[in-house]
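S.K.: Protein chains in written order, with the numbering used here: chain A, 1 to 423; chain B, 1 to 494; chain C, 1 to 425.
Just to be clear, a hint being listed does not mean it is correct.
Stated by the list, open to error - Once the Cα atoms are required to be at most 25 Å apart in a straight line, the calculated BS3-like pairs of lysine-lysine come out as: (1) K333(B) <-> K298(B); (2) K113(A) <-> K93(A); (3) K232(B) <-> K51(B); (4) K51(B) <-> K424(C); (5) K424(C) <-> K402(A); (6) K333(B) <-> K424(C); (7) K352(A) <-> K356(B); (8) K232(B) <-> K352(A); (9) K352(A) <-> K360(B); (10) K402(A) <-> K352(A); (11) K236(C) <-> K93(C); (12) K406(B) <-> K298(B); (13) K243(B) <-> K406(B); (14) K333(B) <-> K360(B); (15) K243(B) <-> K298(B).
Said to hold, decoys possible - Using C-beta positions, here's what the derived DEER-type ranges look like: (16) K424(C) <-> R376(B): 54 to 60 Å; (17) A307(B) <-> L280(C): 49 to 55 Å; (18) P117(B) <-> R284(C): 24 to 30 Å; (19) P75(B) <-> R242(C): 44 to 50 Å; (20) R408(A) <-> T207(B): 51 to 57 Å; (21) R102(B) <-> A252(C): 42 to 48 Å; (22) L280(C) <-> P12(B): 42 to 48 Å; (23) G269(A) <-> D303(B): 43 to 49 Å; (24) L37(C) <-> P75(B): 38 to 44 Å; (25) A166(A) <-> V388(C): 24 to 30 Å; (26) G269(A) <-> R242(C): 53 to 59 Å.
Just so you know, these hints were derived from the structure itself, not from any lab. Note that the structure is predicted; figures quoted are calculated from it, not measured. Every residue, glycine too, gets a C-beta built ideally from N, C-alpha and C.
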Amino acid sequence: MTTEAPAAPPEKEKAKEEKEESFLGLFLHNLWSANTVTVTILSIFLALVIGAVLIVVSDSAVLSTFSYFTARPSDALTGSWDLISRAYADLFKGAIFDPAAIQALFNGTGDWKTALNPLSETLTYAAPLVFTGLSVALAFRGGLFNIGGQGQAVIGCITAGVAGFAIGLPAGLHLVVALAAGLIGGALWGFLPGLLKARTGAHEVITTIMLNYTATLFLGWLILQNGIRDPERTDAISKTVDSSAILPAMPAPLRVHLGIVLAVIVTAGVAWLINRSSFGFELRAVGVNQNAAKTAGMSVAKTYTMLMVVAGGLAGLGGAVQVLGTADKLTGQVAGNIGFDGLLVALLGRNKPWGTLFAAILYGALRAGGNLMQVDVGISLELVTVLQALIVIFIAAPALVKAIFQLRDARSARLGTSMAKGW
Amino acid sequence: MANDHIDITVEPGEVHALLGENGAGKSTLMNQLYGLLQPDEGEILVDGEAKVFRSPRDAISAGIGMVHQHFMLVPVFTVAENIALGAEETRGGPLGWLDRRRNRRDVLETSKRYGLPVDPDALVENLPVGAQQRVEIVKALTRDVDLLILDEPTAVLTPQETDELLSVMRSLAETGKSIVFITHKLREVKAIADRITVIRRGRTVGTATPDTSEDELAALMVGRDVSLEVTKTPADPGREVLKVSGLVVDDDRGVRVVDGVDLVVRSGEVLGIAGVQGNGQTELVEAIMGLRLARAGKVELEDADLAGRSTKQVLGAGVGYIPEDRSLDGVVKDFTVAENLVLDLYDREPFGSGLKLNLKAIADSAAERVSQFDIRTPSPQSTVGTLSGGNQQKVVVAREMSRPLKLLIASQPTRGVDVGSIEFIHNQIIHERDVGTAVLVVSSELDEVVGLADRIAVMYRGRILATVSPDMPREEIGLLMAGITGDTQEEDSE
Amino acid sequence: MSGVSTATAEDLSEATAPDRFWSRQRRLGAALVIIGLIAAVIFGSLAESATARFTLSEDAEGAALSINGQFGAILFGVIAVAAGGALLAGVAKRWQTLLLCLGIVAFVFSFLCWQVAGKFLPLVDTASGSLELALPLILGALAGVLCERSGVVNVAIEGQFLMGAFGAALVGTLATSVWAGVVSAIVGGVIIASLLAVLAIRFLVDQVVVGIVLNLFALGVTGFLYERLMQPDALKYNSPPRLPEWRIPGLADIPVVGPVLFETNLLVWLALILVVVIHLGLTRTRWGLRTRAVGEHPTAADTVGIRVRGLRYMNVLLGGVVAGAGGAYFTLVSTSAFNKNMTAGAGFIALAALIFGRWTPFGALGAALFFGFAQKLANYLSAVGSPVPNQFLNMLPYIATIVAVAGLVGRVRAPAADGVPYVKS
């Protein structure tokens, strides 16, 4: 396939850069070593290249131009190039800003809301992912693999949503109570695998996978029950959350809401918890060497349990933000894929709180841009799923990226792949 | 670099001892010879022919067998399955239909021919270590080896089992097989070896014959004339600090490994526990530390009952603990030196209050400890994993001895530690004794116990057989370690 | 919080040896007594006192086993209590499994008597439906057995199913051949398996991470191509032929068993034969011995000259073949078109079956059949308008697995080196 037109130039440039020992040369030398930033950027790049291939092979119009490729290659190349560049331009316009809208704003014909809408969409999609990503990242640091973010978020959706429409409270307080309900719901759903791990050694990967599906089935049952189900609707959908429990948002049509602010605050809190608190000290010690932690008098069982409670709470809060910020009703798919996406976000953010925040925003951007791409060029939103998965595959296998681009060994950056352990 | 231009030649029919300190590079060398690791330089000649071993498969086909320090046996397999693995007798078929009867017969034949009794149908995980070692040797012998490498084979054996192993080695050598015997124990080398190569820091530092004196061998091994003696004044024992009575402990499999232990440690004295590894010492210490639940008995620290207390409470009651496996239990390698120095103090003033850590206090204290305990590290913020074994152990020692203690428990305090650090750590332990702390030292190195202890309790099969003075002749202590009590010479029934 | 902590019960539980009195057998017995009591009292009191008919045909007609629903619910509940009581009292070891099975079966019967009272349950339809629903679970779990016994965790079964289902639909339609469909299902499974193998074995990526990400990758790729190709032109790309049902004359005439086992499609036979083949292969052959060694103690295997990584590659790819064939079920047997995310978690139920079946082929078969039965029963109950929500029956596989790994009914133990990449030191 010859669709990688934009891929070639960077590699050639890099080859030349070895000759000089100038400051710039040194900078570029380090740039082209396998450090975290370079690997991350190249991973995204590789994913986009593979995505481009997928776009072309699935487009019958462009594909037909390849049948006479040897006769007239320009048709195939320009056709492919047009399609890819439009798709990826939409990805950018839908996620960050549309130059046309900005220009319109300066001309006075546009409206600031239209100009800000792409960013608003990005942050709207990112907000719940920050919480579920932090949930996974925190658990990872304590040596636990919380695949249960999905289930915890679903339960968080349920408890926050039910608290949002079933009890009447003054505005403000109602929101706090609903958020707290989501937090507690998720924490309880995290407590179970944590306790089982601590008491019986049951592997959290297995128990949390199973609890994900259990939570989803429970949600499916719950929204059909009287008192929960919207009596005026025939389909499986719940009542609407009271306006007093809705997260305050920017004026319509902008959807971005207080959730993203909350996400930043919680990120700072998690960063403090990991690096500056005694609980963080315990969980990091247990995470890398539980024998030494035990010998030093820490309770591994208690740390695991607490860790899963906190991680579950974070994911539950993510579910609450989803319901109270974006969805405002419970449906079977209210939590979407935020739990599993959180897993990818945490891996992309290398299990560091701020890294997770930025990774979540990147994923939100891909999602927001993907929407425009689907509407504008008719390229399925599923492409975004593929891109997200590919990015993480490359991030998780830095040796692969290193081999593809012939990167040098980084001096300090450790490319250690994440902890690998059995059931 | 682990090894730097080592030359070694092994003749047919000889027992060649490879002598060196822990970490001298003996095992690395032999793993290269066995194809597990690839040398950067140099070559291997077998019967005068250069060979390249890319994997153990190549080494096996060249007639080399190895008994590893950590046994290479699949615990859930039977003895016959373990021995057959990799060289299975099959009746053909695409997947290789196993011929179990022939596999079993081969095992019994080899076992009989060399006088190494093994039960082909027993599960390996249920066998004692001595029997597992026999399985390993039979496994190598069924592959018709010409050269058998034994890596620290006596570390887990009683003196009696060691003697048996030595005689097996001798009879194997008489049948024309060459044997490389890796060890750091001088006495065994002198008892069995035809030739000795001494390795230090990855280099061959000399060859010797069994006639060489132990002092000379020790000097070659450690590089300078060292006295393994610890200089100390006579002890001045005071009140009873630790009192253990009737302690019974089971191991993870539910096997009783501590069976009614009584002992007392007084302030200002060092009680040494001698014994071959695996006689319940580990579990005894873990039970005292609250890391393992005792089935029966009492542990008292100055009249306070420690039974049922958590490790945190035991540490908090004034007990310092140097665990036997440093890298597993002693330090968190990914943590910094500073963090490791507060691993069990992080939640106490001044290092932490409530949920908050006081990073400044932690850093200040670390800087002080690093200079006081001579920890060679680029900075207190370096990760412990980058330090040498001796310096890692100093981190543990510094952490445990930098607070007022009533009792110090040191398990294998100098295992895998360089000679310079050994001296330092020994002196620190004696210093702790001299300020009035009760000290319990557990070591499988008899030399270390004799050097440090004021009284020696010999542990065998979960019991304290006798408490003796360090002046007692070594041979008699050795007999006790083998379960033979002094007065009656009556052997403990098998 | 844990800043200044004191000892808790948990601290000590880490160090506690298992309690002598509450042995596994006694715990099982107590659990059986409790569920037996629930069955006898609750099911019995709720059950209608009407005849419950279990017909031997596929509908209400013909010979049937009949019992009064209320009486049956109580009777079978009491049997479960009795089995539990026997376990509690302590019986010889060889009777334990039998009593346990008896107790569970009695509980299920008690439940059925309650639900079927006044109605009928066609046994043949239930059995063949259970087997059909279990089919992908059996194949998926067998794929897991192949991977995990050699030490590679496979949570990508879902992705292998999806790729297999997609490949079968696409190629089956284009080639208008069901066999081409089956082959490309296998190819689809192998594609995901080879990614899993390379990333896990060569690049040492955490195997659970790889599995989860590959599931998403498969979901994205198949979903994307479905929307781009299949949705606009379903006739051209998405109308594969069905796998034919074959009938073995003679054997198919045996009542109940005949129509279930001998009048069915090739995939069912393949799955059942594979269970036996993989079982014998693992326990009786050189390949099996080496596979198990590599999964339990790879260093030991290496020291006797076994190529650890090579064997792992081979087994993961073989797993891909089996799981891919399982994927064919979705588009060539159960429906005749691909749909986005059509496997809907079946791969994870297969994973559950693998674990619940203790990483053995026959265990996996049993667990898969049990889960298939639960699903079939859920469908039946929602069809007859039972008050028991089908969501709760569908939770059964997941909850059963949690109970199993938590050791509440005896410990399940994964191969020791499962998920640990092999790196020479």
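S.K.: Going straight from one Cα to the other, do K232(B) and K51(B) come out at no more than 25 Å?
M.R.: Violated, at about 53 Å.
S.K.: For a C-alpha distance cap of 25 Å, please report whether K406(B) and K298(B) respect it.
M.R.: 18 Å, holds
S.K.: When you check the alpha-carbon spacing of K352(A) and K360(B), does it fall within 25 Å?
M.R.: Given that 25 Å is the threshold and the Cα spacing comes to 23 Å, the pair holds.
S.K.: Look at the Cβ atoms of P75(B) and R242(C) and judge whether their distance stays inside 44 to 50 Å.
M.R.: For R242(C) against P75(B), whose Cβ atoms are near 48 Å apart, the range 44 to 50 Å holds.
S.K.: Would the hint linking K243(B) and K298(B) be met if the CA-CA limit is 25 Å?
M.R.: 8 Å, holds
S.K.: Quick one: are G269(A) and D303(B) within 43 to 49 Å, going by C-beta?
M.R.: Holds, since G269(A) and D303(B) (Cβ atoms, about 45 Å apart) stay within the stated range.
S.K.: Within 38 to 44 Å: is that where the Cβ-Cβ distance between L37(C) and P75(B) falls?
M.R.: 41 Å, holds
S.K.: Run the distance test for K352(A) versus K356(B): straight-line Cα separation, threshold 25 Å.
M.R.: 19 Å, holds
S.K.: Do L280(C) and P12(B) keep their Cβ atoms within the hinted range of 42 to 48 Å?
M.R.: 44 Å, holds
S.K.: Just to be sure I understand the hint, the distance between the Cβ atoms of G269(A) and R242(C) should be within 53 to 59 Å; is that true here?
M.R.: Roughly 56 Å apart at Cβ, these two residues keep to the hinted range, so it holds.
S.K.: Quickly compare the C-alpha distance for K236(C) and K93(C) to 25 Å and report which way the hint goes.
M.R.: 60 Å, violated
S.K.: Lying within 42 to 48 Å: is that true of the beta-carbon distance R102(B) to A252(C)?
M.R.: 43 Å, holds
Checked against the numbered hints above, the structure violates hints 1, 3, 8, 11, 16, 20; every other hint is satisfied.
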